[in-house]
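Participant: Now for the letters of each chain:
2 protein chains.
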Amino acid sequence: MSKSSSTIPSVDWLDAVRWDSNGLVPAIAQDAATGDILMMAWMNRESLQLTADEGVAVYWSRSRGKLWRKGETSGHTQRVQEIRLDCDADVILLKIEQLGGIACHTGRRSCFFNRLDNGQWVVTDAVIKDPNTIYRPVKSQG
Amino acid sequence: MSKSSSTIPSVDWLDAVRWDSNGLVPAIAQDAATGDILMMAWMNRESLQLTADEGVAVYWSRSRGKLWRKGETSGHTQRVQEIRLDCDADVILLKIEQLGGIACHTGRRSCFFNRLDNGQWVVTDAVIKDPNTIYRPVKSQG
Chain W
132 MSKSSSTIPS VDWLDAVRWD SNGLVPAIAQ DAATGDILMM AWMNRESLQL
182 TADEGVAVYW SRSRGKLWRK GETSGHTQRV QEIRLDCDAD VILLKIEQLG
232 GIACHTGRRS CFFNRLDNGQ WVVTDAVIKD PNTIYRPVKS QG
Chain A
132 MSKSSSTIPS VDWLDAVRWD SNGLVPAIAQ DAATGDILMM AWMNRESLQL
182 TADEGVAVYW SRSRGKLWRK GETSGHTQRV QEIRLDCDAD VILLKIEQLG
232 GIACHTGRRS CFFNRLDNGQ WVVTDAVIKD PNTIYRPVKS QG
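Line by line, the protein sequences are chains W and A.
Be aware that the first sequence starts at 132, since it is given in my numbering, and climbs by one per residue.
Be aware that the second sequence starts at 132, since it is given in my numbering, and climbs by one per residue.
Accuracy of the hints is not assured; some may be wrong.
As the list claims (entries may be wrong) - Calculated pairs, SDA-like style, for lysine to any residue (alpha carbon to alpha carbon, straight line, at most 20 angstroms):
hint : chain 1 : residue 1 : chain 2 : residue 2
1    : A       : K260      : A       : D167
2    : W       : K260      : A       : G238
3    : A       : K197      : W       : D219
4    : A       : K197      : A       : D219
5    : A       : K260      : W       : C218
6    : W       : K197      : A       : W173
7    : W       : K260      : W       : D221
8    : W       : K260      : W       : G206
9    : W       : K197      : W       : C218
10   : A       : K197      : A       : W173
11   : A       : K260      : W       : D219
12   : W       : K260      : W       : D167
13   : W       : K197      : W       : L181
14   : W       : K260      : W       : G202
15   : W       : K260      : A       : D219
Please keep in mind that the hints were generated in silico from the structure rather than gathered at the bench.
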C-alpha cells in the first residue's frame, strides 16, 4: 500500500495502535446499515492485519489462544466496510455487514441482549436461530 | 429495588458481571438517538453501581486511578437511557444522551474519528469545539 500524504505518513498503521500488555485491543463490531452494536471481541496485531487485508473480521480468541475467523464454523462472516481507531488509539471500531444476520453464539442478532431493568438483567432479544443448528461439527482430521 | 421474577432473581446484578483481573469491564457509550458509538471506557463495580443509581455515566479512569464522572469538568454529561450486558457478561453497553453533543476530549462528537484508508489512519471528523474552551480549570483548594 502506498504511503502518501496523510495523518501519520511515516509510521506503519499497526504501530499507531496502543496494544495492551497482552498485545491486544478491544474491537467493537457495529452493523454498518442499522448502527446496532453486535459484539465486542479482542484483536492482536496479526488479526487486525488480516482483517484489513481480507476485508472480513478476524479476532483473537483469548479463551482458545488463537486466531478466530468469525463465522468459520457458523458461516456468519462479518464483511468489513470501515475500520476506525479512537482518540487514544486503544480501541478499534469495525463497521460491518453481518452475514446471516446473527452475530451472537446464542443465535441472537447482537450479543448485547441483557438489559438492566429494576435491578435485574432481563433478556430482551429473541433467538433467531437455535445455536445447535448454526454450528457445523468440525470434521475429525484423517 | 424489588427482586421479583426475572432472569437471575437471587443474584445481585453486579455479581453477574464478569469483572476482569483488575476488577474492570469495558463500557461502550452509544448515542441512543443516532446509534453512533461515541467512546469506550472502563468501569469498576462502584462506577457501574453509581451509573445505575444516578442515571449518568460514571467510569473508572485507569490513568488517574479514580472514579471519572464523565462531564465533571466539561459539562458534557452522559444521561443513561439503558444499560446492557453482553452474552459473556464481560462488556457493558450504555445507550446515552450526550449533553453538549461532544463525547471526545478533542472536541469531537465521537472518539472514533480515525478511519483506516489505504494503509493510513485518516482523521475524518471535524472538531466541533476547541478543547481549550471546553475544560474549565479546576479551582485550587483553599
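Participant: Compare the structure with each hint and give your call.
Facilitator: Taking the hints in turn, this is what the structure says about them:
1. A:K260 with A:D167: Distance of about 19 angstroms is within 20 angstroms: holds.
2. W:K260 with A:G238: Violated, because 42 angstroms separates the two Cα atoms, which is more than 20 angstroms.
3. A:K197 with W:D219: Cα-Cα ~18 angstroms, so holds.
4. A:K197 with A:D219: violated, 26 angstroms
5. A:K260 with W:C218: holds, 15 angstroms
6. W:K197 with A:W173: The hint is violated at about 25 angstroms.
7. W:K260 with W:D221: Roughly 34 angstroms between the alpha carbons, so the hint for W:K260 and W:D221 is violated.
8. W:K260 with W:G206: Measuring from Cα to Cα gives roughly 13 angstroms; hence the hint holds.
9. W:K197 with W:C218: violated, 28 angstroms
10. A:K197 with A:W173: holds, 11 angstroms
11. A:K260 with W:D219: Answer holds: A:K260 to W:D219 is near 18 angstroms, not above 20 angstroms.
12. W:K260 with W:D167: Given that 20 angstroms is the threshold and the Cα spacing comes to 19 angstroms, the pair holds.
13. W:K197 with W:L181: Between W:K197 and W:L181 the Cα gap is close to 13 angstroms, so the pair holds against 20 angstroms.
14. W:K260 with W:G202: holds, 15 angstroms
15. W:K260 with A:D219: holds, 18 angstroms
Figure legend: structure checked against the earlier numbered hints; hints not met, in rising order: 2, 4, 6, 7, 9.
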